[in-house]
Amino acid sequence: MNTGVDTAEGTATEQTRLVAHSPAYLFGRPLGEILVESFGLSREKLEEALVAQAEKGGRLGEVLVGMKAVSDEDVTRALAAQLDLEYLDLITFDHVDAELVKVVPINFAKQSKFIPLKREGEFIAIAIADPLDTAVVDHARTLLNGEVIARIARGVTIIDAINSVYDRSINEAEQVVGEMEAQDLDAAEQVLESEQDLLDTGDEAPIIRLVNSLLFRAAKERASDIHIEPMEKDLSVRFRIDGVLQSIIKPPKRYQNSIISRVKIMAQLNIAEKRLPQDGRIKIKLAGRDIDIRVSTIPTVHGESIVMRLLDKSATLLDLGEIGMNPDILGSMDELIRRAHGIILVTGPTGSGKTTTLYGALTRINTPEVKILTVEDPVEYQLKGINQMPLNPKIGLTFGSGLRAFLRQDPDIIMVGEIRDKETAQIAIEASLTGHLVFSTVHTNDSAGAVTRLVEMGIEPFLVSSSLMAVMAQRLVRRVCKECREPYEPTEAEIAKLGMSMDRFRALGGGTVYRAKGCPACNRVGYRGRSGVYELLVLDDDIRQLILKNVDSGTIKKQAMEKGMLTLLDDGALKIARGETTIAEVLSVTQEDL
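Residue numbering for the sequence shown follows the numbering used here, beginning at 1 and increasing consecutively.
Fair warning: there could be bad hints in the mix.
Here are the computed distance ranges between Cβ atoms for each label pair [what the hints assert, rightly or not]:
(1) Asp-72 / Gly-121: 29 to 37 Å
(2) His-341 / Val-51: 19 to 27 Å
(3) Pro-487 / Met-561: 15 to 23 Å
(4) Lys-313 / Glu-73: 35 to 43 Å
(5) Lys-250 / Asp-503: 49 to 57 Å
(6) Val-244 / Ala-340: 49 to 57 Å
(7) Lys-283 / Lys-422: 31 to 39 Å
(8) Thr-367 / Glu-430: 44 to 52 Å
(9) Gln-409 / Gln-382: 12 to 20 Å
(10) Val-51 / Ala-493: 55 to 63 Å
(11) Leu-548 / Pro-378: 22 to 30 Å
Derived pair list, reagent style DSS-like, types lysine-lysine, alpha-carbon separation capped at 25 Å [what the hints assert, rightly or not]:
(12) Lys-68 / Lys-113
(13) Lys-482 / Lys-68
(14) Lys-549 / Lys-563
(15) Lys-283 / Lys-394
(16) Lys-274 / Lys-285
(17) Lys-274 / Lys-110
(18) Lys-102 / Lys-220
(19) Lys-313 / Lys-283
(20) Lys-220 / Lys-283
(21) Lys-285 / Lys-384
(22) Lys-56 / Lys-68
(23) Lys-422 / Lys-549
(24) Lys-384 / Lys-283
(25) Lys-113 / Lys-220
(26) Lys-285 / Lys-113
(27) Lys-313 / Lys-220
(28) Lys-68 / Lys-45
(29) Lys-118 / Lys-233
(30) Lys-102 / Lys-285
(31) Lys-56 / Lys-285
(32) Lys-220 / Lys-233
(33) Lys-68 / Lys-283
(34) Lys-220 / Lys-563
(35) Lys-250 / Lys-274
(36) Lys-118 / Lys-102
(37) Lys-102 / Lys-113
(38) Lys-497 / Lys-558
(39) Lys-68 / Lys-102
(40) Lys-233 / Lys-250
Treat the hints as calculated values from the structure; they're not laboratory data.
The structure displayed is predicted, hence computed values, not measured ones.
Glycine is no exception: its CB is placed at the ideal position from the N, C-alpha and C atoms.
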């Protein structure tokens, strides 16, 4: 591919000027044709997008992404092919010259989605999300005081690179801890144990810098939780990333009270009360993203323990087709969520992605023609066009009372955060039997267990069989890092741990099996990101008859498997066979399914 890097000066300069000042049609084939030929876009979708573009305007790529006909990455790769530019899948510290970065304001870099890379001869290579934006290219040329050569990358890739290169907070926590250890203990305690000094301290105070750097680092590394835990002789800070806790730093024990007080001040908690649990909330902006942090404190024998749950308000909610469902399960779910009435339950342990699945379902069926109400504990993400009510047990607003009030609001679809007791279950069933579609969650190990759980709550079997349509059980498995994963040949014994023979594993589509290794891209863990494994139990007449007979969950599950239901373990094996995760990871979340 000719990027102009290794060409003569005139050619490189001419190419850069063409990219900066010419419309897309001058560069080879039309973008739509490239997407059809190389990225699986159908002709029908292309025609539909062209009509929409003609009616509403905008760029074709943006229209196609909005229709979910192609991904943002597909469009960016196609644009790179159209313009004959190099596509950058990842931008690391090694790609960037720190001296060039210093002359570009961070706000401009983020807004324009561009970052300077390195000098290459007489030219400066830049990564840019939209090389056809002439204003950005001209500004880059002016700021860098030289001719530029464009490389193309996704906007999110460039923003990640900007956050990594510009903000030094990723390493600041360790630096601050070093400063603390070198500080005079008596002088430090006189300053840091004073409430007034903590409140009035400037941004350069070590405690504030430490807490801020931890928050930034947690957001950058996609941590869901920050744990600050006092031990007998030290203070431990850990992040939960992709469901697994990782040790980050151990600040000096003598600063424990100051660090905890700083977090409590940010969360508007009572810093004088150290004997009772407290809950609060912090709203901040980190790396251009709005982050909502739920703070929980509890007293322990060695001091107050704090857990901060990070919720990224700017994160894009995933559609059902983007959370790892195989096509058969996705097709069944798509049909179920469009029915007029009935109950659909999602089950799994805490942190297994149940809320994400329910939000994905609601987003898919959210139209102006239907009224959707939700009662949640708490409302994690705000959904446009949906009425969401947070739980408030202190004033008597429970799942049961909220659900009862909903029935007077003329809803079409209701989501209840969790069915915890007979009252909530009873009202949910009544709602489904009176023409409402109800979504909710329960805590059981598998899909069949949710059926018997309702009966154990005191719901009559005939009500369960007549109202319940389907139960989705799910777990989250970590995706093996594509940068460092190692292919290998699994043994018969390893496949046997999945509860199947090698022949059956191959029949599921068993291809190359990988194991985790670890590299800088995944923080040496071997995994990056997570995907769901699913088990969908759809109630038919035979299963309804079993429910009426009040049989155990094992009998119900056996009947469903005979009719072709894939278990959690089966779906996990499919993801192993496709190279998405590892045998060890699937076994770690499906042991009870064996």
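Does the hinted range 55 to 63 Å hold for Val-51 and Ala-493 at CB? holds (57 Å)
With respect to the beta-carbon atoms only, verify the hint that Lys-283 and Lys-422 lie 31 to 39 Å apart. Holds - the Cβ-Cβ distance for Lys-283 and Lys-422, about 37 Å, lies within 31 to 39 Å.
Can the restraint linking Lys-102 and Lys-285 be considered satisfied, given a maximum Cα separation of 25 Å? holds (22 Å)
Run the distance test for Lys-274 versus Lys-285: straight-line Cα separation, threshold 25 Å. violated (28 Å)
Keeping to a limit of 25 Å between CA atoms, is the pair of Lys-384 and Lys-283 held or broken? holds (20 Å)
Hey, Lys-220 versus Lys-283, does the alpha-carbon distance stay inside 25 Å? Holds, at about 16 Å.
Lys-313 paired with Lys-283 [C-alpha distance capped at 25 Å]: holds (10 Å)
Would you check the hint for Lys-220 and Lys-563, treating anything up to 25 Å between C-alpha atoms as holding? The given pair, whose Cα atoms are some 45 Å apart, is violated under the 25 Å limit.
Tell me if the straight-line CA distance from Lys-102 to Lys-220 falls inside 25 Å. OK: Lys-102 and Lys-220 at ~21 Å, within 25 Å.
Starting from Lys-549, check that the Cα of Lys-563 is at most 25 Å away, please. Since the Cα atoms of Lys-549 and Lys-563 sit roughly 19 Å apart, the hinted pair holds (cutoff 25 Å).
A range of 15 to 23 Å was offered for this pair. Does it hold for the Cβ distance of Pro-487 and Met-561? violated (31 Å)
Is the straight-line distance between the alpha-carbon of Lys-250 and that of Lys-274 25 Å or less? holds (21 Å)
In the structure shown, a violation is registered for the earlier hints numbered 2, 3, 4, 6, 8, 11, 16, 17, 29, 31, 32, 33, 34 and 39, in ascending order.
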